[in-house]
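The whole structure should be built from the sequences, with the hints applied where relevant.
Chains as they are written, first to last, in this note's numbering: chain A, 2 to 517; chain B, 2 to 517.
These are computed hints drawn from the structure, not numbers from a lab.
Quantities reported herein were computed from a predicted structural model and do not represent experimental measurements.
When the alpha-carbon atoms are kept at most 16 angstroms apart in a straight line, the in silico EDC-like pairs for lysine to aspartate or glutamate are as follows:
id: 1; chain 1: A; residue 1: Lys240; chain 2: B; residue 2: Glu12
id: 2; chain 1: B; residue 1: Lys4; chain 2: A; residue 2: Glu83
id: 3; chain 1: A; residue 1: Lys4; chain 2: B; residue 2: Glu83
id: 4; chain 1: A; residue 1: Lys416; chain 2: B; residue 2: Glu12
id: 5; chain 1: A; residue 1: Lys388; chain 2: B; residue 2: Glu381
id: 6; chain 1: A; residue 1: Lys240; chain 2: B; residue 2: Asp145
Protein chains: 2
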Amino acid sequence: MEKYRGLSPAEFFHRNREMAGFSNPVRALYQTVRELVENALDATETHGILPDIKVEIELVEGRENWVRVTVADNGIGIPLTEVPNVFGRVFYGSKYVIRQTRGTFGLGGKMAVLHAQITTAQPFYVKSSTMDSPAVYEYRLYIDISRNIPHIVGFRLKRKGRSKWHGTVVSLVTEGAWNLARRRIDEYIRRTALIAPYATIVYRTPEGEVVYERASKKLPEPPQVGKHHPRGVDIEILKNLIRSLSEDMPLKDFLRKYFESVGEKSAIDFLKWANLDPETPVKSLRIKDLERLANAMKRYEKWRRPRPVTLSPLGAELLKEGAKRILEPEFVEAVTRQPASYGGHPFIVEAAIAYGGKIEPQNSPLLLRFANRMPLLYDEGADVSRKIVDSIDWSVYKVKFPAPLAVITHVCSTKLPFKSVGKEAIADVPEVERELEIAVREVARKLRLYLSKMEKLHEVKRKELTIKRYIPEVSRSLSYVTGIEEAVLRRKLEELLEKEIKKRGVVANAPVIQAA
Amino acid sequence: MEKYRGLSPAEFFHRNREMAGFSNPVRALYQTVRELVENALDATETHGILPDIKVEIELVEGRENWVRVTVADNGIGIPLTEVPNVFGRVFYGSKYVIRQTRGTFGLGGKMAVLHAQITTAQPFYVKSSTMDSPAVYEYRLYIDISRNIPHIVGFRLKRKGRSKWHGTVVSLVTEGAWNLARRRIDEYIRRTALIAPYATIVYRTPEGEVVYERASKKLPEPPQVGKHHPRGVDIEILKNLIRSLSEDMPLKDFLRKYFESVGEKSAIDFLKWANLDPETPVKSLRIKDLERLANAMKRYEKWRRPRPVTLSPLGAELLKEGAKRILEPEFVEAVTRQPASYGGHPFIVEAAIAYGGKIEPQNSPLLLRFANRMPLLYDEGADVSRKIVDSIDWSVYKVKFPAPLAVITHVCSTKLPFKSVGKEAIADVPEVERELEIAVREVARKLRLYLSKMEKLHEVKRKELTIKRYIPEVSRSLSYVTGIEEAVLRRKLEELLEKEIKKRGVVANAPVIQAA
Numbered sequence: 002m003e004k005y006r007g008l009s010p011a012e013f014f015h016r017n018r019e020m021a022g023f024s025n026p027v028r029a030l031y032q033t034v035r036e037l038v039e040n041a042l043d044a045t046e047t048h049g050i051l052p053d054i055k056v057e058i059e060l061v062e063g064r065e066n067w068v069r070v071t072v073a074d075n076g077i078g079i080p081l082t083e084v085p086n087v088f089g090r091v092f093y094g095s096k097y098v099i100r101q102t103r104g105t106f107g108l109g110g111k112m113a114v115l116h117a118q119i120t121t122a123q124p125f126y127v128k129s130s131t132m133d134s135p136a137v138y139e140y141r142l143y144i145d146i147s148r149n150i151p152h153i154v155g156f157r158l159k160r161k162g163r164s165k166w167h168g169t170v171v172s173l174v175t176e177g178a179w180n181l182a183r184r185r186i187d188e189y190i191r192r193t194a195l196i197a198p199y200a201t202i203v204y205r206t207p208e209g210e211v212v213y214e215r216a217s218k219k220l221p222e223p224p225q226v227g228k229h230h231p232r233g234v235d236i237e238i239l240k241n242l243i244r245s246l247s248e249d250m251p252l253k254d255f256l257r258k259y260f261e262s263v264g265e266k267s268a269i270d271f272l273k274w275a276n277l278d279p280e281t282p283v284k285s286l287r288i289k290d291l292e293r294l295a296n297a298m299k300r301y302e303k304w305r306r307p308r309p310v311t312l313s314p315l316g317a318e319l320l321k322e323g324a325k326r327i328l329e330p331e332f333v334e335a336v337t338r339q340p341a342s343y344g345g346h347p348f349i350v351e352a353a354i355a356y357g358g359k360i361e362p363q364n365s366p367l368l369l370r371f372a373n374r375m376p377l378l379y380d381e382g383a384d385v386s387r388k389i390v391d392s393i394d395w396s397v398y399k400v401k402f403p404a405p406l407a408v409i410t411h412v413c414s415t416k417l418p419f420k421s422v423g424k425e426a427i428a429d430v431p432e433v434e435r436e437l438e439i440a441v442r443e444v445a446r447k448l449r450l451y452l453s454k455m456e457k458l459h460e461v462k463r464k465e466l467t468i469k470r471y472i473p474e475v476s477r478s479l480s481y482v483t484g485i486e487e488a489v490l491r492r493k494l495e496e497l498l499e500k501e502i503k504k505r506g507v508v509a510n511a512p513v514i515q516a517a
Numbered sequence: 002m003e004k005y006r007g008l009s010p011a012e013f014f015h016r017n018r019e020m021a022g023f024s025n026p027v028r029a030l031y032q033t034v035r036e037l038v039e040n041a042l043d044a045t046e047t048h049g050i051l052p053d054i055k056v057e058i059e060l061v062e063g064r065e066n067w068v069r070v071t072v073a074d075n076g077i078g079i080p081l082t083e084v085p086n087v088f089g090r091v092f093y094g095s096k097y098v099i100r101q102t103r104g105t106f107g108l109g110g111k112m113a114v115l116h117a118q119i120t121t122a123q124p125f126y127v128k129s130s131t132m133d134s135p136a137v138y139e140y141r142l143y144i145d146i147s148r149n150i151p152h153i154v155g156f157r158l159k160r161k162g163r164s165k166w167h168g169t170v171v172s173l174v175t176e177g178a179w180n181l182a183r184r185r186i187d188e189y190i191r192r193t194a195l196i197a198p199y200a201t202i203v204y205r206t207p208e209g210e211v212v213y214e215r216a217s218k219k220l221p222e223p224p225q226v227g228k229h230h231p232r233g234v235d236i237e238i239l240k241n242l243i244r245s246l247s248e249d250m251p252l253k254d255f256l257r258k259y260f261e262s263v264g265e266k267s268a269i270d271f272l273k274w275a276n277l278d279p280e281t282p283v284k285s286l287r288i289k290d291l292e293r294l295a296n297a298m299k300r301y302e303k304w305r306r307p308r309p310v311t312l313s314p315l316g317a318e319l320l321k322e323g324a325k326r327i328l329e330p331e332f333v334e335a336v337t338r339q340p341a342s343y344g345g346h347p348f349i350v351e352a353a354i355a356y357g358g359k360i361e362p363q364n365s366p367l368l369l370r371f372a373n374r375m376p377l378l379y380d381e382g383a384d385v386s387r388k389i390v391d392s393i394d395w396s397v398y399k400v401k402f403p404a405p406l407a408v409i410t411h412v413c414s415t416k417l418p419f420k421s422v423g424k425e426a427i428a429d430v431p432e433v434e435r436e437l438e439i440a441v442r443e444v445a446r447k448l449r450l451y452l453s454k455m456e457k458l459h460e461v462k463r464k465e466l467t468i469k470r471y472i473p474e475v476s477r478s479l480s481y482v483t484g485i486e487e488a489v490l491r492r493k494l495e496e497l498l499e500k501e502i503k504k505r506g507v508v509a510n511a512p513v514i515q516a517a
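In structure tokens form, the structure reads like this:
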């Protein structure tokens, strides 16, 4: 006889923790650091605060593979009453809105503490204070896994007094293989510092302290909380929006008020096209009508692209800077695409291409992936960017392998289509795939121009050398025939050669750093 | 001001459906068929019933990309009162026990109906009857996503009368790109039929009907429901087991009764080693004690390996048969490893290697992955098997690329460490990785023997041909010297050559199908 039962979300992820990136003591330690650092960055830069992040890794004496991980930020803090749920309840958080953040699942921080709890049985520690709170509060907590609720084992409240501290500190003891995870974690912190040059990150480990000082005080425009884009909403989204309305309204107003990039006129134009009455009260719509509405919204081709206010891309310049610092190439180009959307979620794709210099020649392009400013280090084989890079015939762009070629991709979105809650690989959603391909091909074309130019340069230089070899002989003969001094003729011929080379638009021997 | 809220599991997977494999209309249709077929196989073979499965794909007229998918089985059926939850509540099911099944998450079937619901707004249909039920019941259902509960829109009950029908039929209308998904779905069904030769599968599509008749009536021994293995349990598992005890008991009895492969003696030996009192009542253990106990259980090296009763591997013979049928190679070898365990979950690894014949030479080994008898067609790049196959230096095994080499891996477990709920890639859990590597290297060594033998054979054949070329000349000369008839001498010499070749253990011209 089969027994049927339900699982709590915490139980589900306890059983299936490898899905969230906690598959072994190496990966688990990497993932723990990553989740806490990403929460710290979200708590600061998303709210216009220049991030000051401290990451500390300590080995616990006398316990094999026990590691204390502490991450502190100067962010907006978590309200007193929300702390237990934010860390102790799976699928709970403040990031279930339409806005670009690193975290979105309400799961990562919980998985880190859940892993700590099941491997070392130590409660975790949270200290926090919001900007307007008069107190700093400290918690020691467990997760009650089978009920998916937090269990408080310690609590303390202190008046702030003159201190204006706000932010969050999380500290936990988890099982992790520091020696084996160290290289990846170092690399993760390094790439994070490069993609967030406005952050100061103090990184303290048993091996010593590294400080990444902020290189710039210019914070990119923080993303705003936005609305759904009409293209690609589904019936469920419409149902939820309508249910949450406190008062009924005509369809045309509903579209204008609750959707991105829809004005009075575009709402009416669309409804005419869809053969729907603009004055229908939305609360009177039935499932069949919603299905028709959702279908029409998805197919209508005249919606404006979503405004990028919910997004915060890096920009081509910063991406190029990053690529130069990480890779020290001879050539680099970057592009930021216009915003697009899939399933009602706006996204922006950025890509860069780097060539030569310190990049090691390889049989396929080196790929560096970023998503919402997070470096992605694992599962490249499953990522849509790899799929695109591998599907491109690079000979079209004059690349001959082995080549010193690196491709960098950055996808920002209010909802990244990750393949797993471990946030390592982006799925091949057709709209994202298309934008990525266009972006990579765009920078690849610039590489082709550069490589053609280099080819021409080499060709001209080869000719120049050949001609130069004959100048002495020719000047001697001419001198014999004309009676003009050989040195004069030689100088004239050399000037002529130089002029011809200049005409071809290349300056011999000048360093070529970047395409025009 | 940040707004905090919780999500229901159904809402979470509605927002993140690409995680469950529903990333686009092609993949979604593939995943829908897959989830329903795997549920059908679980409902039959796991319970000792020879599967009769019907899969039907129909295009819905007048609706672009609307596809009706219907899957019927002759399985054990779902009890009347459980049907709504089994299909309409995420994280609910009968497979949260220790036993090898294809499904384990309580999620796949729900994701298929959830995707149907949000793309076409059609309710889904379920008909079922258990063996001992006097009635057949039919439901039409929705999922209430924000509350994660089923919503019944239609119900009908019929007396079975003389019919003894039992089983389940699921039918839904979903958005899917049949033309683009077709090749993958065909391939999925084909590979399923090959890995489950005891099943009859009727596969009806707009292109026609294919019937895979069962090749054998021999069902592999069905897996039994088992207990946790002591190696690798965690505090949470201990806590849950102890909480569910109706009465207290001494630690030694607890270990013996609730863990796999633990007897009276091994329980006491272990507790002595761990410096724990065998008579301590388990209900008196505190968190600190549980942590100590869990840690000791994980480290103790003398536990017996888990018995494989919860598992149902294919066996080397069947795996070889499968490989022969799919690949038609010149050489094939397979191995089934002894059971092992990770994190308290037993698993068995099987591997096969095939070479030559109809396998196309490629620059790296072709990899065919199976897990709990499910073919895995996507995300190969993220799979631990790919990692291992790529890390092996194949020249050690005398393979020179491009080579006609295929590696087949099959992992069976009561809990497969999938990287995502889409069940396509297995994570690199160290224990599984190790077993896979040993298995692949074991069959690779047999391949080396075979390739060495082939090399020798070619060498001997080359010599044979050289010698044969001189026999007429030599016999002629010998005949002249000795006066013996030339034909007699020639026959003698040929016999001598044949004998010598046989001594070297190779039969010239005999077909070499398999290593010794």
